[in-house]
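Enquirer: Given next are the chains, with one letter for each unit.
Number of protein chains: 2
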Amino acid sequence: MPMHRLLAALLLSMLVHPAFAQSPDHFLMPMPQQVASGDGELTIDPAFTISANASSDARLHSAAERFLENLTTQTGILLTPQALVTEKAVLSVTADSPGDTPQKLGEDESYTLTVSSSGAELKAPTTLGVLRGMETFLQLIKPGANGFVVPAVTIHDHPRFPWRGLLIDVSRHFIPIKVLKRNLDSMAAVKMNVFHWHLSEDQGFRVESKIFPKLQQMGSDGQFYTQQQITDLIAYAHDRGIRVVPEFDLPGHSTSWFVGYPQLSSGDGPYSIERKWGIFDPAMDPTKDSTYEFLDKFIGEMAKLFPDAYFHVGGDEVNGNQWNSNPRIQAFMKMHQLKDDHDLQAYFNTRLLTIVKKHGKHMEGWDEVLHPELPKDIIVQSWRGQKSLAAAARQGFKGILSSGYYIDLMQPASQHYVVDPLSGDGANLTAEEAGRVMGGEACMWSEFVSPENIDSRVWPRTAAIAERLWSSQDVKDIDSMYRRLATTSDWLGRRGATHQSSYRPMLERIIGADGVPALKTLADVLEPVKGYRRGQLRKFTSQTPLNRLVDATRPESDIAREFNAAVDRLMEGKAHPDDAASIRSWMEKWRNNNAALQPRLGGSFLITEVAPLSSDLAALAAVGLQSLDAKEKGSTLSADWLQQQKPVFDSAAQPKGELLIMVLPGISKLAGITPAVPQRSQE
Amino acid sequence: MPMHRLLAALLLSMLVHPAFAQSPDHFLMPMPQQVASGDGELTIDPAFTISANASSDARLHSAAERFLENLTTQTGILLTPQALVTEKAVLSVTADSPGDTPQKLGEDESYTLTVSSSGAELKAPTTLGVLRGMETFLQLIKPGANGFVVPAVTIHDHPRFPWRGLLIDVSRHFIPIKVLKRNLDSMAAVKMNVFHWHLSEDQGFRVESKIFPKLQQMGSDGQFYTQQQITDLIAYAHDRGIRVVPEFDLPGHSTSWFVGYPQLSSGDGPYSIERKWGIFDPAMDPTKDSTYEFLDKFIGEMAKLFPDAYFHVGGDEVNGNQWNSNPRIQAFMKMHQLKDDHDLQAYFNTRLLTIVKKHGKHMEGWDEVLHPELPKDIIVQSWRGQKSLAAAARQGFKGILSSGYYIDLMQPASQHYVVDPLSGDGANLTAEEAGRVMGGEACMWSEFVSPENIDSRVWPRTAAIAERLWSSQDVKDIDSMYRRLATTSDWLGRRGATHQSSYRPMLERIIGADGVPALKTLADVLEPVKGYRRGQLRKFTSQTPLNRLVDATRPESDIAREFNAAVDRLMEGKAHPDDAASIRSWMEKWRNNNAALQPRLGGSFLITEVAPLSSDLAALAAVGLQSLDAKEKGSTLSADWLQQQKPVFDSAAQPKGELLIMVLPGISKLAGITPAVPQRSQE
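Chains H and F supply the protein sequences, listed in that same order.
Throughout the first sequence, residue numbering follows the numbering used here, covering 96 to 778 in sequence.
Throughout the second sequence, residue numbering follows the numbering used here, covering 96 to 778 in sequence.
It is possible that part of the hints are untrue.
[What the hints assert, rightly or not] Just the calculated beta-carbon pair ranges, DEER-fashion: (1) F:312 x H:197: 32 to 40 Å; (2) H:180 x F:148: 58 to 66 Å; (3) H:703 x F:523: 54 to 62 Å.
Treat the hints as calculated values from the structure; they're not laboratory data.
The model shown is predicted, which means the values in this text are computed figures rather than measured ones.
Note that CB positions come from ideal geometry on N, CA and C, so glycine has one too.
Generate coordinates for the entire structure from the input sequences, incorporating the hints supplied.
Expert: What follows is the structure, given as structure tokens:
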């Protein structure tokens, strides 16, 4: 690593690494409601013990076991398993009650953590608060002068919103239980409390039904969860203070149901599992009683399997084509005075709601389910935005926000971070109305997600969303967020999330182990195209291998963000002492990297598409270096020369291999050359 | 990465990375007995299918499932689970018989693999051969011009030795089931077939006994395997063609037994679990009938739990102190005409053998159990060397070699690789005698091993031992071994072994994420001290945290080996074109690294000890650079100057933080300066 780069990294790290941080809040995420630093520090050594009052609560015991395992992982101190002692311990835990099973929406998650040089106390009304406080304690551990320590501190903490979720779409690409558990661990680490399990789609039905076995037998390619696995996963989540809300998307997004049960559909069939991405015609037939008889039995079975009080029925994106082209359905609509598809879907929802309620659940659905006549115990999940959410709240409905939290769109953490469920239209709600906004959910739609790279699409960005939903509304400093996100990302990685560790093997597959350093230099400043662009650039099916550079590359390039920020400071005359040197050193690295990479680029089909990106980056860096030279010498580059360089920028602004060069804005600013077509990195 | 370094890496990689290899045998390990390259290649794509004749064999089905999972991991091609088809498939598998349960010593593991552009055939006498051949097929997959391919090839293969084992000591440090399974996966990948589970020691008794529950309750700190876990692990191993041989070390190494059952010992007790490392006095009392009554019941229970035909009773390192100081035992020896401890141990072994045989097992033990009067169905495991092994074979005993394969001693792979069970005294055996040498076992003693770093102590070096035991005796080219070991190491890492992935998090714990590049530059050329030196340099107990740089650092530095070899070539006038540039570039990096690292070295107790290593390396590199300058200019450095630099080498030759600077030999040769005290890197 060049010296300047390293020095810059060192300076930055002195702000962020626990070992060098000045204050405990430098490495906490989500930021607690109140943090007061004390004097001194508590030593963590092999004599560490933990005590608890609530010895009758099995969940507290397993939490303590995991806590000790995580303590070992973080420190390398080999603790043997220990019973919770009741006498004085290093960490003394008190929970007033064990909390509910299943966990309830709005259950008290508050805790108080007091650490001094002589010991630590963690107190909470329920075990749930203890779980949250334990994660805070773990985040506070750092290496000190003579051993691992936790700085003295008093923390009073509670969540701002009671619903802090992550949706994982396991239908478009199947995600094995092991991978889900790993992600539940990370969710718990950042205090999230709802796992929204998106279980059925056109592309796959993922749950074993004993009553209607053809659902999984014919609708899943053999990729589904057994009921035993589901029960285990729910227990695993509950242990971590996470509710599991299942979603069965109806009446659209349901092709996979119809492979085994074509009679449920509004068309003729036969059906096969959908392999493409998009919105498709097949929809359930809302006009037949047999549809509701089926759903009654099915939801009855699922309501027993999933103990949570909420049951998500989807309801989004019905294009109505099957309904419109089916004369029987058209006749039914006329007879029942249903003037359009929306009315027909409302009719369906009303009957569905009766079934859901009959089986003891509250219904949840996407924006489209909203209908003024629905009862007020439903929850609306808004993918359309704060406006839609606020409108629902005004009508008396509870809601959660997902618009702005679609992490499949490859937006930077900062973009999600500024989205607040109570901003925009939400800011104008009365206190009572605002109280109906329960929180939000990050959504991991899985068109371009495999078990191998899902962690890197979810983490660390989702930790920023977790903070938005847990911490005070005034916690919104972007720089602070990014500093703490970096620490949190490393912490999650050490605890088992694979968002960092999957990177190298994926690069290695593309270029071989020895080519990784050069490929990584390139990949480190790339990002996948944004929004829904990827699907427009190339044809994909569910079987398209996700093994290309775009699948390995991180959604957000830290280096590009830092580089662009350094250029901004330089151009605004606010440069930090090392900015110019860092900018030069980075650009030299990129310019030289192409020569190192090019000889490798013919080796295999996975590498070929990388070549133009590497040339583009090198060409950009070369122009950037000349511009920097001129700037430092106080000379000016000729208009002719600038004009000649413009094609470099025009080319680099075009996505290649579905990837964008994210340092283009910085170099563009440095050179004063704007590409003809904007990069559209934020679409 | 400096250009020269990178070019050197590129040149090297063109020899080793599958994508660039000329011939399939460039990436196979262990090397098959016969490999004949063909024309063309087989494409691996989402249409891949696998068929099998032996559909009645459950083991073949689960092997095919794992095979497909590994195929997905290697290629990123998303294969859905598929039944073994019986019609024509891309890979057609035929096993003549399912093989034995439990697996037998010497069972046929041969296979024939034929790959052409139109398909592949894998044929074997038993499922065991299929398992081996599947791993070979997976090793052959590489990225081609248009997709993943397997080159056309015909391979006839079988193992040289029937016993190719890995011992893991789970007693000195407990190793959880999850970690063992991960290591079984890697063993299967390199065709090893015996997991030797070293289950009891002074420091811990790791098995649940239902008859004598105080063994685990009082002897394990709560760290033991339940019988259910053991049964599961054995099934897991059997699925992978691996036998599980349990070892209960007797009559010494047994303090942990006596915590719950002091009456078994030859001393007075009470006992507590031993926390230190070494050889301790406690030993079972061989004179009491009650000892054998206990062992009869215990071994009866364990013989049912562990189905393998062999049962290892240890027998090593009894120091005799308790026997010698116990008048009752001395009187017993006199009465039975047992002239010394060796005779007393033989008496014990004879009675123990009766018990082991009664419960249907063959006895196995370390060298010390050998006694001419023992029956010939026992197996002797030699930790003393080929001489001892050959002597046993001459007496008619079967044996396996472990001397030379102690991977806890931190020796390079090449040193283990040259050890052959049939070299040394073994080379003079008759064919019949040699036939009694069954193979060997790598031994992972765990004084300095934790679940976190065990993979990095076992892999990749054990793959070189696996090749020694599988491949033909004339496969012994060290350079070829190292090239294929690098590929194999990456391959094992992608399949789940953590020997590579644990490195970064352990460095991160020491210095924080941003300090890792600089610390890694240093750590990449360090190795832990060799042999039994570490325990002499510092006091350790089983609770000493294994979180220091020495615990993160790899047993063998690839960079140091490559650097030293380049210097050797340069000094011998046989330099490769880039050697001089690479040597310079490396040394510049090391010289500059200290400045980058020093500001970080005061941050925490884990970093402090790194400081002198970093200064030493920088000082060495500075001298090396001046020497290289002189050499390239054809000038000579003055004797005075050389004398002044000598203290740099004297200091660098001293271990610090239990670590050695492994590029010292190369720089020493370059400068012509020999440290006063040799580095003793190979002791």
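Enquirer: The structure should be examined with respect to each hint, and the outcome stated for every one.
Expert: Now for the hints, and whether the structure bears them out:
1. For residue 312 of chain F and residue 197 of chain H, the hinted distance range of 32 to 40 Å is satisfied, since their beta carbons lie about 35 Å from each other.
2. The given range of 58 to 66 Å is respected by residue 180 of chain H and residue 148 of chain F, whose C-beta atoms sit roughly 60 Å from each other.
3. The given range of 54 to 62 Å is respected by residue 703 of chain H and residue 523 of chain F, whose C-beta atoms sit roughly 57 Å from each other.
The structure fails none of the hints (numbered hints given earlier).
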